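A.B. asks: Could you put together the complete structure from these sequences and hints?
Each chain, letter by letter, is given below.
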Amino acid sequence: GAVVSQHPSRVICKSGTSVKIECRSLDFQATTMFWYRQFPKQSLMLMATSNEGSKATYEQGVEKDKFLINHASLTLSTLTVTSAHPEDSSFYICSASRGGRGETQYFGPGTRLLVL
Amino acid sequence: QKEVEQNSGPLSVPEGAIASLNCTYSDRGSQSFFWYRQYSGKSPELIMFIYSNGDKEDGRFTAQLNKASQYVSLLIRDSQPSDSATYLCAVNTEANAGKSTFGDGTTLTVKP
Chain A
1 GAVVSQHPSR VICKSGTSVK IECRSLDFQA TTMFWYRQFP KQSLMLMATS
51 NEGSKATYEQ GVEKDKFLIN HASLTLSTLT VTSAHPEDSS FYICSASRGG
101 RGETQYFGPG TRLLVL
Chain B
1 QKEVEQNSGP LSVPEGAIAS LNCTYSDRGS QSFFWYRQYS GKSPELIMFI
51 YSNGDKEDGR FTAQLNKASQ YVSLLIRDSQ PSDSATYLCA VNTEANAGKS
101 TFGDGTTLTV KP
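Chains as they are written, first to last, in the working numbering: chain A, 1 to 116; chain B, 1 to 112.
Simulated from the structure, these hints should not be mistaken for lab results.
Worth double-checking, as some hints may not be accurate.
Taking beta-carbon pairs under 10 Å as the criterion, some of the chain B residues facing chain A (in silico) [to be verified]:
id, residue
1, S43
2, K99
3, S100
On a predicted model such as this, the values are computed, not experimentally measured, just so you know.
Note that the Cβ used here is the ideal one computed from N, Cα and C, for glycine as well.
C.D. replies: If you want it as structure tokens, here you go:
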């Protein structure tokens, strides 16, 4: 199979702090990883596309200085929410793909962030 | 016009019936098509992918693709209450090389 893990699954933090979320592909090498955000009862919103060894490509309206993405290896990508505020509270989901136009995205279980 | 459009629903079918979920897309260059299921509070999971025109069957699920009409559908036979979820249609284009454009999803409820 293609298993993707995320850590932590749930995090509560104070406003102004930074939170790091890890996404790992456990049994395959992920050329590309994607980060999504989903608010309650809303659709998936792509935040950025991350390719191993290069800078992430952010979607329009997503602040790259606030949402720092690092894809240091073919099995690990991290998303750091810097200076988190209550409006950043959301469900953050990563997905991983072997790459190529036809390749499926395999989703991690998601991280639920609550900023107080 | 959205790039990938789905009826938001909710779609309600009785247990044992066929559920039909539809998706249309705007980019004629689209190459790969995916259906994901997302239970409330969980992340999406892949059900099926289809690349070529026609039908593709996997158990109770059948994906149908018609590139000329730019639509892709998912049929769920013998629907079960456990199929109640939001179904997401996703489309990859050549230019995006693996990046998917998602529809907003159709919420399906299967009533016992």
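A.B. asks: Output the numbers, in ascending order, of every earlier hint that fails for this structure.
C.D. replies: none
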